[in-house]
Amino acid sequence: MKARVFVTLKNGVLDPQGKAIGHALNGLGFGEVGEVRQGKVIDLELAETSAEAARSRIKEMCEKLLANTVIEKYEIDLRN
Amino acid sequence: MVWHADSEIPDVDLIVLPGGFAYGDYLRSGAMAALSNAMRDVIDKAQKGVTVLGICNGFQVLTESRLLPGALMRNAGLKFTCRGVGLEVTETQSVFTRKYDSGQRVTFPVANGEGNYTADDETLDRLEGEGRVVFRYAAGENPNGSARNIAGILNEKRNVLGLMPHPERVCDPLLGGTDGRAMFESLLEGLG
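From first to last, the protein sequence lines stand for chains A and B. The first sequence runs 0 to 79 under numbering that gives the first Met the number 0. The second sequence runs 0 to 191 under numbering that gives the first Met the number 0.
Note that these hints are calculated values from the structure, not bench results. Virtual Cβ for every residue (Gly too), placed ideally from N, Cα, C. Just to be clear, a hint being listed does not mean it is correct.
To be verified - If you want the footprint, here are the derived chain A segments under chain B, 3+ residues with CB under 8 Å:
no., region
1, 11 to 19
2, 64 to 76
What the hints assert, rightly or not - When the alpha-carbon atoms are kept at most 25 Å apart in a straight line, the in silico PhoX-like pairs for lysine-lysine are as follows:
no., chain 1, residue 1, chain 2, residue 2
3, A, Lys39, B, Lys78
4, A, Lys63, B, Lys44
5, B, Lys78, B, Lys156
Assemble the whole structure, with the sequences as input and the hints as a guide.
What follows is the structure, encoded as structure tokens:
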């Protein structure tokens, strides 16, 4: 089973990189762009066939390593 | 000197986690190092009351391992900053700062790209209320956007200090300054 984990900054946590990207996009003429938030995508391949079990294991991975839950949140997307 | 793969820290009075980079700062600064073998015993010893000092990357490792609250994010200006900054010693009731005067102004170098201290308001209020903010960037000197100008903090038991600036780089006239010396004199006196 494959999984994609999205790690992004929690709402309210300042994202200087996102802000810089937003400014750059505005500068390129994309004036419609408001706030930009940057995050990470982590792709995992798992030797696991049960979606439920995979989700619970990935949650544990996120809590222990993949995200710093002081400042980041995560979403898990399971793929076959 | 303890290798990251070692599982035991010798019986010492002070454990120092120095600055630099570990594991290429992959994922987040300090995230991988916080899970290294050596850190397991550091965490254990810190919880038992051994004095631990984390400087720069060492501070990042201490927050990642949850020995200290909050997190260090990308500098607000997105630049690696390497220069002397003015700090205020805001807490002298600690084994790390007893030889400083309260409110003393010192200059320590910073050298980091991810020194932007962040925590939720409740944590920040608590750190301030409990006298656990030990160093603050002086007015107008905050080099990285750290919340409430925080440069260094203590854990609840006050035996663990993490700070982004480098006191060890200013502890001898040969190094261009001596403002950091009092921290090591404090430790010698307090732990001797």
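Cβ contact check, 8 Å cutoff: the region 11 to 19 of chain A against chain B, three residues minimum: holds (count 5)
Proposed proximity, Lys78/B with Lys39/A (alpha carbon, max 25 Å): Distance ~20 Å between Lys39/A and Lys78/B Cα, so the pair holds.
Pairwise hint evaluation, Lys156/B against Lys78/B, where the allowed Cα distance is 25 Å at most: 34 Å, violated
Using C-beta distances, would you say chain B covers the region 64 to 76 of chain A, given that this needs three or more residues below 8 Å? Since 5 is at least three, the answer is holds.
Mind checking the alpha carbons of Lys63/A and Lys44/B for me, to see if they're no more than 25 Å apart? 21 Å, holds
Violated hint: 5 only; the structure is consistent with all others.
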